[in-house]
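Taken in sequence, the protein lines are chains A and B. 259 is the number that our numbering gives the last residue of the first sequence; the numbers go up by one with no jumps. 259 is the number that our numbering gives the last residue of the second sequence; the numbers go up by one with no jumps.
Derived from the structure by calculation, the hints contain no laboratory data. Here the structure is a predicted model, which is why all the values come from computation and not from measurement. Just so it is clear, CB atoms sit at the ideal spot from N, CA and C, and this is done for glycine as well. Heads up, some of the hints might be wrong.
[Unchecked claim] With beta-carbon atoms standing in for the labels, derived distance ranges: (1) A:E136 <-> B:I173: 55 to 63 Å; (2) A:S130 <-> B:S130: 34 to 42 Å; (3) A:H2 <-> B:E136: 50 to 58 Å; (4) A:S130 <-> B:A166: 34 to 42 Å; (5) B:E136 <-> A:D58: 32 to 40 Å; (6) B:A100 <-> A:D238: 52 to 60 Å.
[To be verified] If you only want the chain B side, here are some residues facing chain A, beta carbon under 8 Å, derived: (7) F87; (8) S255; (9) I256.
2 protein chains.
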Amino acid sequence: MHYATLGGGKRFRPFLLMETAALFGVPQAKALAAAAAVECVHCYSLVHDDLPAMDDDDLRRGRATVHKAFDEATAILTGDALLTVAFEILGRPETDPDPAIRSGLMLGLARASGWQGMAGGQMLDLIAESCAADFEGINHIQALKTGALIEFSVDAGAILGRAGTAERRSLAIYARALGRAFQVADDLLDAEGDAAEVGKATIKDAAAGKATFVSLLGINGARQRLQELEAEAIGALDQFGDRADMLREAARFVSIRRS
Amino acid sequence: MHYATLGGGKRFRPFLLMETAALFGVPQAKALAAAAAVECVHCYSLVHDDLPAMDDDDLRRGRATVHKAFDEATAILTGDALLTVAFEILGRPETDPDPAIRSGLMLGLARASGWQGMAGGQMLDLIAESCAADFEGINHIQALKTGALIEFSVDAGAILGRAGTAERRSLAIYARALGRAFQVADDLLDAEGDAAEVGKATIKDAAAGKATFVSLLGINGARQRLQELEAEAIGALDQFGDRADMLREAARFVSIRRS
């Protein structure tokens, strides 16, 4: 679990959670536990996705994947335990003294990561390998597989910050656009990037002939789409003024990141 | 997920939850959701334990295991999604209107099934295959691997029933003895039972030369231990009078079950 979580990574989801919470005056120290929980779920998904039965990747973040560094049984259990510990962290009174907040966080995480979220998206993605998915199909799969946890990370910050309904709705628009941008950028990176920079052993999707935003929209179309999504994300933050500058930067970062 | 959860099984954990809740007057219909959640977690653990990298079992409850009926990736994701949906079920307001109750249930489930519970026990069990565990070692491994979720099932019923501290403590003693009895009985079944009745393809532990309660205590010693644990479990229920008769029957059932 240590190896899987503390070996680098962008910490993008915890960053989103903490910056969103900061919009509402939640100090970083008070948002750290929930932020760690979403990173545990993200890392669990990577450990399981890398397994031989799934994407069969030997390298992650420039190091051996968990099942390569240890073994497959350890990798399966590491993922299981990381998913579970996320709920344990969110359920602890130290995370938030109000049980209604903790309960809301745990339910939101379950929905974002389960059969109607990340795990469901991964299953659809596996199925999509054997059938041609169109733009709407890829969009739907990615919304579940990648988008749901990004959206939850933002929403968790809003929940911790006792955001009002209107604020939460604006942040949801931001998070949805950001999640979509993230995936388009991923496909662009896969198409343009070199393996060392991306930190993966092989550029699998293209090799497998799997539909991506790039194969569907072309490089220029995907870049255009990325710009639109970045603008949509940034536009949704208007009501927060300067306080949301870090979240705006995050949307820009998604477009320009190289790994 | 359907195949993994609705293909039979004793439903022992949901039974314990509902019977414990019934001690405090919680109607069955109101305990059903939480009961389903613990069964989802139990079934997730079976799906992952059966994987080739783990116990490598082809049969479960007389049918093909999930990775045999479908494939390994589907089995991994099925388990992941079943674990997650358990938290989703416990987090829904329909399960209990009080967020403090829901939060307590989710935290308890996370602790019982995570690195300090079921998943941790499974990891220790894998390690124990390559080193000789003694009685205390096996007891500890089984307490995590099997005991923790049985104990949580009883405790969840007590939580739903707003049990007092003293009642919850007595029920914890009952559940711990019951969980231990369950595992001793399992080892006896493996040593004595035939594969068709147990519903597993092979009697793996003995074949692997792995320490069990039977290999450590002998058949008669294990039977003696089972009787003691049954008596301890039943004795812990004294304060509940006739209302606990079903839970007493459960303790007797654990000793005499044939599958």
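**Asked** Checking against the hints above, which ones are violated?
**Response** Hint check: 3, 4, 6, 8, 9 fail, others pass.
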